[in-house]
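As given, the protein sequences belong to chains P and G, one line each in that order. If you read the first sequence in our numbering, its first letter stands for residue 1, the second for the next number, and so on. If you read the second sequence in our numbering, its first letter stands for residue 418, the second for the next number, and so on.
Source of the hints: derived by calculation from the structure; they are not laboratory data. Glycine is no exception: its CB is placed at the ideal position from the N, C-alpha and C atoms. Some clues are possibly wrong.
One side of the interface only, derived from the structure: several residues of chain G facing chain P at Cβ under 7 Å [as the list claims (entries may be wrong)]: (1) 424; (2) 443; (3) 468; (4) 519.
Which stretches of chain G does chain P cover? Using the computed rule of at least three CB atoms under 8 Å from a CB of chain P, they are [unchecked claim]: (5) 433-442; (6) 503-511.
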Amino acid sequence: MRMEREVELVVVGGGAAGLAAALRAREEGVGEVWVLDRNERAGGILPQCIHTGFGLHYFGENLTGPEYIHRFVKRARERGIVLKLETMVLELTPEREVRAVNAQDGLLKLRAGAVILAMGCRERPRGSLLIPGGRPAGIFTAGTAQRLLDVEGLLPGREVVILGSGDVGLIMARRFVMEGIRVRAVVEQLPYPGGLTRNVVQCLEDFGIPLLLRSTVTCIHGRERVEGVTVAEVDGEGRPVPGTERRIPCDTLVLSVGLIPENELSEGAGILLDGRTGGPVVDEFMRTSLEGVFACGNVVTVFDLVDHVTLTGERAGEAAARYLRGELSPPRRMREVEPGENVRLVVPQRIAEEGPVTLYLRVSRPLREVRVEVGGRSFLRKAVRPPEMVTLTLEGEEVRELGERVPVRVEGLPLER
Amino acid sequence: MEVRELTCIVCPVGCRARVRVEGGRAVGWEGLECRAGEEYVKREVELPLRDFFTVVRVKGGGVVPVRSTGPIPRERLLEASRELAGLEVEGPVRVGEVLVRNLLGMGVDVVATGEVEG
């Protein structure tokens with residue numbers, strides 16, 4: 001089986017970013033919008049994020065993940081967006097041909113007028129950590145443990161150690177306790193937690209779960225099943241300090257050690273990626289370096305809030321619609337945004353026109369009494385932390401005053417927790 | 418009198434407060450930088466409230482995510498979770514459908530946040 005056809009707009013990924021992009025493009029008059037997703041249901045990661053805290057900015061309501069995404073899935077169905085589920089995109093060519101495969105259509109070759117990349121991100125797996133030990137059962141990424149517990153209704157274990165203090169790991173610590181699973185400790189290599197303060201308080205402190213900072217797991221014990229882990233303190237360079245090792249018994253090790261934008265398709269198409277974000281270099285219209293190809297959400301950079309993911313999706317959807325109408329002309333000159341002191345990453349990396357621009361940036365360490373400088377313009381913040389993105393909006397007038405290069409730097413005093 | 422350490426979550430500063438507690442009320446504090454933080458520690462000492470969410474078994478396999486319609490006392494989260502552990506619902510279930518009325522007399526309902534086909 002084989003299907004070849006033209007489609008005005010193809011969106012790769014049906015999570016928060018992809019659905020927002022598809023919906024906005026439809027509202028802007030794009031006749032034919034296809035969303036391709038490899039999962040058996042739409043919504044990306046949100047259906048398994050059963051906790052609250054979603055939508056506070058976008059809807060002004062405190063929703064759970066499933067409730068948040070339900071609104072978009074429902075609307076997508078009502079507005080005639082074609083949702084192709086269990087459909088794996090294999091390749092995107094520089095000519096915007098999307099090659100995908102599924103059980104109904106076989107091989108799909110879609111010549112797209114425009115493409116929006118919304119593949120999201122993946123969790124860093126155990127293999128990237130080089131922890132000595134065997135390969136016993138009972139080692140899960142936090143997202144996998146979440147899927148087991150909250151979608152499939154299976155307990156991943158009875159006694160858990162969590163390595164890494166990213167938000168998904170913290171959220172899971174609380175879920176484990178609520179389901180009668182004991183959480184022995186959360187182990188974090190850095191001197192500060194990887195997740196939001198709210199989650200440290202409401203997921204760990206509320207339940208008396210120890211957070212071991214400046215520590216790591218140096219060995220996983222067990223042959224068939226995890227029987228325990230060795231935890232050691234680390235020095236300033238992240239090396240274990242001899243003599244500080246202790247063994248913590250557990251049957252499960254959960255990893256919450258970071259998320260990586262998933263860009264195999266982007267790379268295959270020769271799209272320019274940013275080494276800092278791990279995602280495509282984009283401008284304020286979420287345009288990538290390949291004409292007619294846009295990107296939004298966590299495939300661009302890992303966002304802190306889904307609300308921001310949705311907004312970048314809408315931005316991409318609107319821009320793609322304009323492109324399809326021939327109203328988005330190629331940029332004449334690009335301003336380059338350059339991350340400087342204390343700035344880990346910034347998106348968008350380029351500014352094409354002179355309208356308002358929202359910049360999302362992550363700092364490299366916690367700071368207080370903060371001054372964020374964007375091309376000579378200052379923004380003040382009481383405090384900034386790496387887990388929380390700093391969002392800055394420049395008005396058109398302010399953008400016009402910027403030079404060809406837009407240095408972004410952050411100054412402040414060290415923030416001790 | 419008891420002294421409690423609390424981390425304020427009102428803003429990213431995350432002030433670490435030392436709070437003096439008497440008779441279940443905050444009577445004094447150090448380490449807070451603003452008025453909103455003071456209100457936060459008072460609430461946290463008197464009656465900390467939390468959103469409640471979990472999953473409920475579905476007959477025939479799988480689970481459906483649920484939440485309470487309002488926050489409940491933090492001290493009753495585990496009790497609420499145990500209360501729902503024995504519950505099994507039958508499909509179809511729609512988002513917003515009430516599955517338990519007046520959970521443990523706390524004045525909140527339990528509603529589905531996801532869907533199950535019949």
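Results of checking the hints against the structure:
no.: 1; hint: 424; result: holds (5 Å)
no.: 2; hint: 443; result: violated (16 Å)
no.: 3; hint: 468; result: holds (4 Å)
no.: 4; hint: 519; result: violated (20 Å)
no.: 5; hint: 433-442; result: violated (count 1)
no.: 6; hint: 503-511; result: violated (count 0)
When held up to the earlier numbered hints, the structure conflicts with 2, 4, 5, 6 and fits the remainder.
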